[in-house]
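Bring the two chains, given one by one in their own frames, into a single complex with the hints.
As given, the protein sequences belong to chains U and Z, one line each in that order. Following the numbering used here, the numbering of the first sequence begins with 18 at its first residue and continues without gaps. Following the numbering used here, the numbering of the second sequence begins with 1153 at its first residue and continues without gaps.
It is possible that part of the hints are untrue.
Stated by the list, open to error - Examples of chain U residues toward chain Z, derived with CB under 7 Å:
no.: 1; residue: PHE64
no.: 2; residue: ARG67
no.: 3; residue: GLY125
Hints listed in this document are in silico derivations from the structure and should not be mistaken for laboratory results. Glycine is no exception: its CB is placed at the ideal position from the N, C-alpha and C atoms.
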Amino acid sequence: AQKVTQAQTEISVVEKEDVTLDCVYETRDTTYYLFWYKQPPSGELVFLIRRNSFDEQNEISGRYSWNFQKSTSSFNFTITASQVVDSAVYFCALSLAQGAQKLVFGQGTRLTINP
Amino acid sequence: GAVVSQHPSRVICKSGTSVKIECRSLDFQATTMFWYRQFPKQSLMLMATSNEGSKATYEQGVEKDKFLINHASLTLSTLTVTSAHPEDSSFYICSAPTSGGAFETQYFGPGTRLLVL
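Bound conformation, chain Z alone (with noise of 0.2 Å):
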């Protein structure tokens, strides 16, 4: 199946700094990909869709200019999220759906746990 890979992995931060979380398509292109945030025990919630060529669209309630989307390539869309606070703890997960003019199925990447101390 359709491969998607997120980098780092882990990462941890002291407050107030910057974190950038890639996330890529290795064997196909994607002109959408999705951000989601899962907190403990919690369920995945959709943070916003990241599209080629164009503006994030961000779900309610999430901050453009704290969580930003660049969408630079068919293959590779990044989350920063700038000057991170303890709350911003969570494990970030990228999708991306295959492309095609049909409705594919969507892969996640294996996901980025931030910890902001």
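Extracted from the complex, chain U is given alone in its bound form (with noise of 0.2 Å):
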């Protein structure tokens, strides 16, 4: 079975610091996807990257980069000179390559930026 770990519950920041967000995944198939959505307060997810299994190269997007490691299963995700529109909670996720293809969940991280 698939397992996804956000180690992290709540995060406080001040504006302008640099935050990570830390996922751990668990998957016995070789061949898996992983993703991060952002859900802001109306509940809305929104979807932010996603990975597959082969390719460990970082990404960088603007403010946000992330940095997948598969010798220690992880994902994590950070953001830069952080904004409180940043504010929200966010997922990581984990997806098989075959089959349904259905979603597996962190339990999130609540991530709040004070001006």
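Listed below in structure tokens is the structure:
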């Protein structure tokens, strides 16, 4: 069975600080996909990134960056120069490449950026 | 990106009534859709996989007779909560992967907040 763990339940930082959200996953499959979603107070899930298990290249998109390490089964998410609008709950998720492709979510990390 | 809609966005009902939630893919066809449930301050838990042209697949612990799923067309799946009770109050979210042979990203609807009194 697949499992995703986000050990940080809540994080609170001051605006402009950098913050890293941790994600550790478990799966016996060799082909899988990892995701990060943002859930603002409105509740809608916003897709941020998808990574497949064969691509360990780190990715940067503006203030967002992701560090995928298969050796430690981690897929961490860093926000640099955080802004108040980044406040939300962030979910890491995993899906197998074969089969129904349903997502297994981590518990989520509630990020609060204080002005 | 792909758009998925849900209706209604909020619903309040009395205990014992049934509530229908619609999930639509607006600009793509989805042979598969997923229904998730999220209780306050908790993660999303998959309830069932909705399959166009066949029966839904339910996750362990989800009552198929209570949560009826009908994938009526390639763009519409409905979830009916039958004989709703206060413990069914939750945030229900659907998702749909974009079509294609290779894996595509799943897009989520805006969710439906259900409150059962």
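#### Entry: chain Z contact restraint on GLY125(U) - CB to CB distance below 7 Å
The hint holds - GLY125(U) has a Cβ within 7 Å of chain Z, the shortest such distance being about 5 Å.
#### Entry: Restraint check, 7 Å cut-off on beta carbons, for ARG67(U) near chain Z
5 Å, holds
### Query
With a cut-off of 7 Å, does the beta carbon of PHE64(U) approach a beta carbon of chain Z closely enough for the hint to hold?
6 Å, holds
Consistency with the previously given hints is maintained throughout, with no hint failing.
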